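Chemist: Note that the protein sequences, when read in sequence, are chains A and B.
66 is the number that my numbering gives to position 66 of the first sequence; each next residue is one higher, with no gaps.
1063 is the number that my numbering gives to position 63 of the second sequence; each next residue is one higher, with no gaps.
Derived by calculation from the structure, the hints in this document are not laboratory data.
Values in this document were obtained by computation on a predicted structure and should not be read as measured data.
Positions of the beta carbon are idealized from the N, C-alpha and C atoms, including for glycine.
A couple of the hints might just be wrong.
Claimed, not checked - Far from chain A, some chain B residues (derived; all Cβ distances over 12 Å):
1) M1033
2) E1068
3) N1121
4) T1139
Unchecked claim - Under 8 Å between C-beta atoms, here's a sample of chain B residues computed to sit facing chain A:
5) D1020
6) M1058
7) V1064
8) L1094
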Amino acid sequence: MPSPAYHAPDTIEQAVALLAGDAAARPLSGGTDLIVQMRSGRTAPSALVDLKRIAGMKGIRALSGGGFAIGAATPCTALKDDKALAAAWPGVVEAANLIGSVQVRNRATMAGNLCNASPAADSVPALVAAGAICLVAGRNGTREVPVEDIPAGPGKTSLQPGEFVAEIRLPAQKGSDAYLRSIPRTEMDIAVVGAGVSLVVDASGTCTAARVSIGAVAPTVLLVKDAGAALVGSKLDEAALDRMAEAVRAACKPIADKRGTVEYRTAMAGVLAKRVVKIALERAGVSA
Amino acid sequence: MSKLLVSTSVNGDPQQFLCDPDTTLLDALREEMGLTGSKEGCGSGDCGACTVVLDGEMVCSCLVLAPEAEGRQIATIEGVAEGSQLHPVQRKFLEHGALQCGFCTPGFIMASKALLDRNPNPSETEVRYWLAGNLCRCTGYDKIVRAVMDAAAELRQDRRTAA
Chain A
1 MPSPAYHAPD TIEQAVALLA GDAAARPLSG GTDLIVQMRS GRTAPSALVD
51 LKRIAGMKGI RALSGGGFAI GAATPCTALK DDKALAAAWP GVVEAANLIG
101 SVQVRNRATM AGNLCNASPA ADSVPALVAA GAICLVAGRN GTREVPVEDI
151 PAGPGKTSLQ PGEFVAEIRL PAQKGSDAYL RSIPRTEMDI AVVGAGVSLV
201 VDASGTCTAA RVSIGAVAPT VLLVKDAGAA LVGSKLDEAA LDRMAEAVRA
251 ACKPIADKRG TVEYRTAMAG VLAKRVVKIA LERAGVSA
Chain B
1001 MSKLLVSTSV NGDPQQFLCD PDTTLLDALR EEMGLTGSKE GCGSGDCGAC
1051 TVVLDGEMVC SCLVLAPEAE GRQIATIEGV AEGSQLHPVQ RKFLEHGALQ
1101 CGFCTPGFIM ASKALLDRNP NPSETEVRYW LAGNLCRCTG YDKIVRAVMD
1151 AAAELRQDRR TAA
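Let the sequences and hints guide you as you build the complete structure.
Modeler: This is the structure:
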């Protein structure tokens, strides 16, 4: 197999030109999925376009209005080191820091986790629940795409030739968030089921907004709108949580494999969704 | 495809080498620079035997492409001891018998040192989570964890004495 070309452009425009001019070129950030896939022969890109030398691609900016812009090549451990981000979006930061080992998280990025398009990607349900938006760079400049619209199936994205995710934007935190996954080990494993939530509770304890997402139970991470709707307007009592869990289970279309059966994954999705709501409530200062 | 010239710094010394674009940093260290302390266990980022510190952060060198190291600072196991003076983490691994075949040891030393460099007083749980990316098939980990905890205690003592 011929060795691919390696490019380390300085600008987004150069990176877009390199990717647009070669359909078999791939963007490289942390490489923790891409290099493994290259070495196992699962993918053989003609060129690698390293995004890490582009200004702004590594790092976190606080946005006016309270949100955050996370450069696509920002490693997961850097999210944890940003105290303001970790305080505002603990679910997102924890989810990204469940991936692999410290060595892996020092390289792996959320944008890579998203564009690798594994149904079991840990950071993706948390980003979907948070309502995160991708800034996608391409030949016609940049466009904004909700995170949930990037994965198109296992290993496939909706990105067009030449496009890559340049930045992930989190909105201002108005409530709280949480993410949990189920794994048979305690570390270094892939989610059998994952669930994320982001919710807002008013002073009377009534839920005014909720987004619920699930991972590893369908070809892509899912935003379960019915599950969020089941919480909105409630006091997040057991009856509301039961309706939410029912909507989550109804959305599941999992595969059965050595890590979990269809029945187990479906049942656990409901269980984890309830648990993340309770964690998010605690974080919001409301006891469930 | 022509070879790329990469200029980098390894254990404080400038290094230049030629490589194919998809050569891993691990292979460049071992084959081009003759630094064979870092090992390849799995080649997929699971075992940590190839752990090096790249610009201050520990990474699996099997999952870094050598051209990415252009202009970067790399620290490897070869730079941990000062001459014949072992680093306390190395000495404690010997004292506690925290190795048998030794293949994983360079990675464990690099990861343990990286932990103690940023957290001089880790709990046992913190040590175990930090080292989750380093696999050892001989020891069962217990002696490794004891060695790291003991090295941490000694380093804290040294710091107090120096202060």
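Chemist: Does B:N1121 sit more than 12 Å from chain A, CB to CB?
Modeler: For B:N1121, whose nearest Cβ neighbour in chain A is about 18 Å away, the distance exceeds 12 Å, so it holds.
Chemist: The hint names B:D1020 as touching chain A; please verify it with the least Cβ-Cβ distance against 8 Å.
Modeler: Nearest chain A Cβ about 4 Å off; hint holds.
Chemist: Beyond 12 Å from chain A, beta-carbon-wise, is B:T1139?
Modeler: holds (17 Å)
Chemist: For B:E1068, is the shortest beta carbon distance to chain A beyond 12 Å?
Modeler: Violated: least Cβ distance 6 Å, not greater than 12 Å.
Chemist: Can we keep the B:V1064 interface hint, with Cβ of chain A closer than 8 Å?
Modeler: It holds, given that the least Cβ distance between B:V1064 and chain A is near 7 Å, below 8 Å.
Chemist: Have a go at the B:M1058 hint: is there a Cβ in chain A nearer than 8 Å to its own Cβ?
Modeler: holds (5 Å)
Chemist: Using Cβ atoms only, decide whether B:L1094 comes closer than 8 Å to chain A, and label the hint accordingly.
Modeler: violated (24 Å)
Chemist: Would the least Cβ to Cβ distance between B:M1033 and chain A come out above 12 Å?
Modeler: Non-interface label on B:M1033 holds, nearest chain A Cβ at 19 Å vs cutoff 12 Å.
Hints 2, 8 from the list above are not met by this structure, while the remaining hints are.
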